[in-house]
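A.B. asks: Make the full structure from the sequences, and use the hints.
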Amino acid sequence: MNKIKNIGLLILVIFSLSSFAFHKYYIALTEIDYNSKTKSFEIISRAFIDDLELSLENIHKKEVELATPEEVENAEDLMKQYLTENIEIIVNGKKQDFIFIGKKYDADLVFFFLEIPFKDEIKSFEIKNTAIMETYPEQRNIIKLKINGIDKTFHLTKNEAKGLLNF
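For the sequence shown, position 106 matches number 386 in this note's numbering, and the numbering has no gaps at all.
In silico lysine-lysine, DSS-like type, Cα no more than 25 Å apart, as pairs:
id	residue 1	residue 2
1	Lys304	Lys384
2	Lys438	Lys375
3	Lys317	Lys399
4	Lys426	Lys399
5	Lys408	Lys432
6	Lys403	Lys442
7	Lys374	Lys432
8	Lys442	Lys399
9	Lys383	Lys341
10	Lys442	Lys432
11	Lys383	Lys317
12	Lys426	Lys408
13	Lys304	Lys442
14	Lys374	Lys408
15	Lys317	Lys432
16	Lys426	Lys438
17	Lys360	Lys319
18	Lys375	Lys403
19	Lys438	Lys424
20	Lys384	Lys426
21	Lys399	Lys432
22	Lys432	Lys319
23	Lys399	Lys360
24	Lys360	Lys442
25	Lys360	Lys374
26	Lys438	Lys304
27	Lys319	Lys424
28	Lys408	Lys384
29	Lys342	Lys384
30	Lys375	Lys360
31	Lys442	Lys319
32	Lys384	Lys424
33	Lys360	Lys424
34	Lys360	Lys341
Using C-beta positions, here's what the derived DEER-type ranges look like:
id	residue 1	residue 2	range
35	Glu368	Asp431	19 to 25 Å
36	Ile324	Tyr416	20 to 26 Å
37	Asn354	Lys384	15 to 21 Å
38	Lys399	Thr348	37 to 43 Å
39	Tyr416	Glu350	21 to 27 Å
FYI, nobody ran anything at the bench for these hints, they're computed from the structure.
Predicted, not measured: the structure shown is a model, and the values here were computed from it.
For every residue, glycine included, the Cβ atom is placed at its ideal position computed from N, Cα and C.
C.D. replies: Right, dumping it as structure tokens:
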């Protein structure tokens, strides 16, 4: 009886491990809230560290380690540049530059904290996010917006990397 249990457990473990090995999801999440008190867009973007490392390595043609004692010296600069090149936010038809507040590692994720001061009335909000897509064409970048009481979610892909919300 124990032998049957052990074989059953072994089959279950092999099946479980193989399902993880054959199917990996490439997803990043960005949350954007407009804070009417501070008149700014508050942005938290998160991605898997290993996906970001590989993207940076492919771009810079050198090994890039993040979230370890061997992290490259200019890691934050590389990340800022990468975000600037891959996230474009247009409000009322005008491109907005974000302020890089900082980053935080948590388990296998990196969180980016960004801000865009914006005092005018918001008539339209457009976002383009191509992060990680150059490395993994199946990457999906989920954008969750909360602007002036309106909640909107975009699922951006390589073929449809932009989302637009009109007010």
